[in-house]
Structures are given as structure tokens and as C-alpha cells.
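For the sequence shown, position 80 (counting from the first letter as 1) is numbered 80 according to our numbering, and the numbering increases by one without interruption.
Careful, some of the hints might be misleading.
Simulated restraints, written as ranges between beta carbons of each label pair [claimed, not checked]:
id, residue 1, residue 2, range
1, 27, 107, 36 to 44 Å
2, 60, 87, 31 to 39 Å
3, 78, 6, 29 to 37 Å
4, 79, 27, 20 to 28 Å
5, 60, 33, 17 to 25 Å
6, 27, 97, 23 to 31 Å
7, 40, 79, 39 to 47 Å
8, 25, 95, 39 to 47 Å
9, 24, 98, 40 to 48 Å
10, 101, 31, 40 to 48 Å
Keep in mind that the hints were calculated from the coordinates and are not lab data. Glycine included, every Cβ here is placed at the ideal spot set by N, Cα and C.
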Amino acid sequence: FDLDGTLIDYEGASNEALRAVVERHTQKTVSWDLHAEIVGRRPQGKDGWAHGILSSLEIPDDVLSEEQYIEEVHEEVTNHFASIRAMSGALELMERLAARNVPIAIATSSVRP
């Protein structure tokens, strides 16, 4: 199973973190449309979500660098972990599979902070 969006509703917490950091440094915000453009990307690099958001919002490196943005987003999202909820039916499915001794594996492309 993929973790994000299949077993847990991570995108709300992710959007909150992405927005909070941008708003802390600028008068701009991360819209859901912009968020949708970067879902599934790695944080670093020209194809990464940090570059995608900062360049789309025209935030210069001296205001918020990609490295700083990534670090602060990871710190911010950690504050939301306790509020992330399981997707509807996910816990019941996991319990039924476990009761039948079906092997279970969880995968995610998210980078651990």
C-alpha cells in the first residue's frame, strides 16, 4: 500500500506546512492548485517541489532558499502528525487483512525529515 492518500490523509497537513512557511517569509501563499502541481515530487532539484513552489511564487533565494524551505516544511509538518487521520475504511481493511494473515507492506515516496 502507498501510505499518502491511500491509508492516511496527508495532503491537508502537507498543504498547511507548505503554506505556513511561505506565509512566514512572504505575503504570498500556496494555493491548492499549486500544491496539486507538486504532489509526488521529491523536495530537491529543479523538478523538486521546493523549486516548483518558490519559482511559481517568484520568491527569491535571499528571502527563502530551497534548502531552508525544505527544512522548515519538514519541521512544520511534524507538528501536524498527531492530527493526520486514516482514510475512511483503511483501519478496517488493515485489521481484516491481518486477521487473515495476509502479508502487508507500506510504501511511500516521501522523504523522511
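Does 40 to 48 Å hold as the CB distance between residue 101 and residue 31, or does it fail?
holds, 45 Å
Range hint 39 to 47 Å: satisfied by the CB atoms of residue 25 and residue 95?
Holds: the Cβ-Cβ distance is about 43 Å, inside 39 to 47 Å.
State, for the Cβ atoms of residue 27 and residue 97, whether the hinted interval 23 to 31 Å holds or is violated.
Check failed, 48 Å falls outside 23 to 31 Å.
Is the gap between the beta carbons of residue 60 and residue 87 within 31 to 39 Å?
Holds: the Cβ-Cβ distance is about 38 Å, inside 31 to 39 Å.
Please test the hint of 20 to 28 Å on the beta carbon pair from residue 79 and residue 27.
holds, 22 Å
36 to 44 Å as the expected CB spacing between residue 107 and residue 27, which holds or is violated
Given range 36 to 44 Å: holds, Cβ gap about 38 Å.
Whether the CB-CB distance between residue 40 and residue 79 falls inside 39 to 47 Å
For residue 79 against residue 40, whose Cβ atoms are near 23 Å apart, the range 39 to 47 Å is violated.
Does the beta carbon distance between residue 78 and residue 6 stay inside 29 to 37 Å, or does it fall outside?
violated, 21 Å
Confirm or reject the claim that residue 24 and residue 98 have a C-beta distance inside 40 to 48 Å.
This hint holds: roughly 42 Å between Cβ atoms.
Just tell me: holds or violated, for the beta carbon distance of residue 60 and residue 33 against 17 to 25 Å?
holds, 22 Å
Of the numbered hints given earlier, the model fails hints 3, 6 and 7; all others are met.
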